[in-house]
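With the hints as a guide, bring the two chains together.
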Amino acid sequence: MSVAEKTPAPPERKRLNDGATRPHGPIVPSANVQGSALLAVIAIMSFLACLTLGGVSMVRATAASWQSQISREITIQIKPDDNFDMEKALNDARNLASSFVGVTGATIMDKQATSRLLEPWLGASLDIDELPVPRLVIVTIDESAPPDFAALRDALSKKIPQASLDDHRTWVNRLVSMARTTVAIGTGVLVLVFSAMVLTVIFATRGALSGNRHIVEVLHFVGAEASFVANEFQKHFLIISLKGSGAGSALAALFFMLASWWQSRSLATPASDQATALFGTFSVGWLGYVGIALTMILIAGLTTLTARLTVMRTIYEIDQIRSDPARSDGLNT
Amino acid sequence: MIHFENVGLRYGLGPEILRDITFDIPASSFQFLTGPSGAGKTTLLKLLFLSLKPTRGLIRMFDRDIASIPREDLPMLRRRIGIVFQDFQLLDHLTTYENVSLPLRVRGKEEHTYRSDVIELLKWVGLGQRINVLPPVLSGGEKQRAAIARALMDRPEILLADEPTGNVDPPMARRLLGLFRELNRQGTAVLIATHDFALMDQVDARRMILSEGRLEIFS
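Protein chains in written order, with this note's numbering: chain Z, 4 to 336; chain E, 10 to 228.
Take the hints with a grain of salt, since some may be wrong.
[To be verified] Computed spacing ranges between beta-carbons, pair by pair:
(1) Ala-36(E) x Ile-47(Z): 50 to 60 Å
(2) Pro-79(E) x Met-260(Z): 30 to 40 Å
(3) Glu-119(E) x Ser-39(Z): 30 to 40 Å
(4) Gln-211(E) x Lys-246(Z): 19 to 29 Å
(5) Ser-77(E) x Arg-316(Z): 16 to 26 Å
(6) Thr-203(Z) x Leu-22(E): 31 to 41 Å
It is worth saying that the hints were derived from the structure and are not from the lab.
We treat Cβ as the ideally placed atom computed from N, Cα and C, and that holds for glycine.
Next comes chain E alone, as it looks inside the complex (with noise of 0.2 Å):
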């Protein structure tokens, strides 16, 4: 589904952030994206949510080549691509409900078409009495929880989640690392970056370890 070859990004003329990064990821396939802080997660998972482009090497996903991918498109690839940010990018304004019915929403659908699925989704992720919330009310944990259900929204094919489990207690962590667990059942790859080595622990996962702008893979 996702295939990285020779991959290296630099920011201007800084030095190599990221070196020589070959990977693939299949669909339905679960593992960690680790590393020490600054070692380059976050600058992976931007390249793999399309909102930075490689300096060299190859990137394909969903069987196109990105570097040929006209801007117009880009929109319909996200939408393949569920996304959970560290800092959850939810809008202040808008309640649990409507920023988890955000990507149907602008995607044209009308409200009558998904309301009950987003309500369902609310409740399996344990935020059905925090529908009519607004963002600053919601703890930490409630945050992640309504981040992750918008990035679920419209069932993606892979789902990439940068520290999901930052900002939440060590139940919630294994409750959030649970509802991953199920997604993928469900046939979404999951891409999860974390430094949390008690959490990947719990799983029997693919470990991706970048060190330092190289990549290596423990299966």
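Just chain Z, same shape as in the assembly (with noise of 0.2 Å):
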């Protein structure tokens, strides 16, 4: 009997309802070493970008309200004379301010104000009026539409000539400039973690498709075109980046809303006091968490775009080799 003979006749392609299958399984591998390992990679680097996001624009709120508490105010100072009704003075000199434009309020610090207020050098026991101690009115100011402090400064010393207006000029620029500076440090902390992030992530993310390069090369000789191949990488790549930025913003977002809490509860209290002073508040804000969302799906477009280009390469080496024999080290002949 010849081999032909022996060989079952090819099938006629009719529908069989029998041999039971699992669903198809993904083309490319869902769980692997090089696959769990891009998982933490993205997982701590999201974590650290985050952390540094919301770092970031804490510091620029609290310098902010650093300025904007100090640019509120402007004070008037009263220095005593002899024969000089210092009450009278006080009093004129809260008017006048009260009558300009942009003023929302003026104050006269009275005397045991003061004296608290000289109380670390001078002791307890002060009595103001036996000391010629210069006294303060304390006007608030509309930040947005301020007054004219030239005028409100020539008007001042025409009807009061002991008074001298301080605008906080000096403080508020120094405020300005160290809040400027915070906030760029900080921001090029950020592009630097970010720069890392990206380079990690994308390093990570070839790191692990090396590893499934005989895939890349089985789909292309079985006929898959380029993009069927990145496509079944993308979406792979997809769900990783997504459960790793997921789990790292969660984290970074749980960290704020516990820093947050944890100083809400514990307020007044010198460990709270110090750590406002230093960080100020730790609540991110809406803007805040919408950047760390921002962040998540920056890391995982990466991610995507990354295998992309990786497979989309590997493939274009492969015909490169077919183009350049040379290039095809390690062939059997």
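This is the structure we're talking about:
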């Protein structure tokens, strides 16, 4: 009997109902060592990036609040003089200041408050009437439409020669420049962390893909188009990156929520006050959480794009070997 | 269907692996490609499978000069060629069924349109009971048959097989050869690269013998 006679006839292409199979498994294996490592790297990097982003937005908010607080007030200082009615001068200064557009209020700092102000230097038992102590009028202004400081200064010096106006410009300028420096440093750190994250994610994705190169080759040789192969890997890496960046971003958001909760629970304690003085309030606001969500989307997009480009390049390399046999090292002949 | 004319190939600045290769593979033909190890059989198969370009000469496949085919068209051309790799190239995380159906899956076909055909083909190659098994569990012969089934899945116009009986015992080799013969009767051209003379003696087919990069053909 010939070989051909022993062989069963080829199948008629009729439909069968038998032979249960599992649902199609993913072409790119869902779990492997490289995938787990990539997931961990993405989670860590997104956690760090979100932490930095939240930190910078916190510093920015704190700096803005310092600046706003100090520029919301100006001070009229009246020096004592012989034969001078200080109380009248204080009232005149307050009334004059209140008459200017852009001034929202003016308050005379009373004797007790002035004593408390000088207490660190002159002690608690200070009788303010015995000393020639300057007195202050605190003027609150509309930040968005401040009064004409030069005109106010002129009017004051004409009416009360002992009065001088301190618009805190020096302090405001210093704080503005400090705040800008702090925010610039924070932004620099943010850029560095994001750059490190981008590079880490790219290299980790490429590393994870190198372990799957044989899958790219097999798909390529069974006639898959480059876009099909790229889509399969893209889907796989999108899932990994969403899991990783979701976990990292959620942890960062949780950190800020817990820190904010701790701060609100421990108001006026030394630890909380110290933390507030150093970092401001831990609340990052809704914009901060939007930033965290955007970071997550950025990382997921970046990983997916890297996967796509790497697969396309792998296919291109396979085709390059085709065009340039010298590159096919180690091939059997 | 396939025409080689004065084809030569060298890797880099090395010696020519293939020299002045000229032959035709007509549609529905059956031939063996043989020769000692290192003679260039795998390289010639790579040329036939469009995974290498010759350094000189003319290759026409399916009425197209392969030197002028753009990259984007290669997948469509490869779909007309089935290949059985010497090392099977099965994906270990996919079942036999999934591996065999891969060529149809990558073409974007819905599973319900080919499921019964795949199962039928698996039965035909004797793997009806192994459809849900992963390749690491399959024997060498079973892997070989799975690789053959995958190559046949989309009814290629030509089947290239690199040492398809290299990992199986003689009875299995005869059975595989029977599969190729049946396929050839259905109209598919077959080229089997082998150095198993016992296998070649079983079929009265054209022999293409490669030796030191040159090809001789014995009808």
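Range hint compliance [Cβ, Pro-79(E) to Met-260(Z), 30 to 40 Å]:
Taking Cβ atoms as reference, Pro-79(E) and Met-260(Z) lie about 55 Å apart, which means the hint is violated.
Falls inside 50 to 60 Å, the C-beta gap from Ala-36(E) to Ile-47(Z)?
holds (58 Å)
Distance restraint evaluation - Ser-77(E), Arg-316(Z), Cβ atoms, bounds 16 to 26 Å:
holds (24 Å)
If you check the beta carbons of Glu-119(E) and Ser-39(Z), does the distance land in 30 to 40 Å?
holds (32 Å)
Okay, Gln-211(E) versus Lys-246(Z) on CB: inside 19 to 29 Å?
violated (55 Å)
Assessment of proposed distance window 31 to 41 Å (beta carbons of Thr-203(Z), Leu-22(E)):
Given a distance of about 40 Å, which is inside 31 to 41 Å, the answer is holds.
Checked against the numbered hints given earlier, this structure breaks hints 2, 4; the rest are met.
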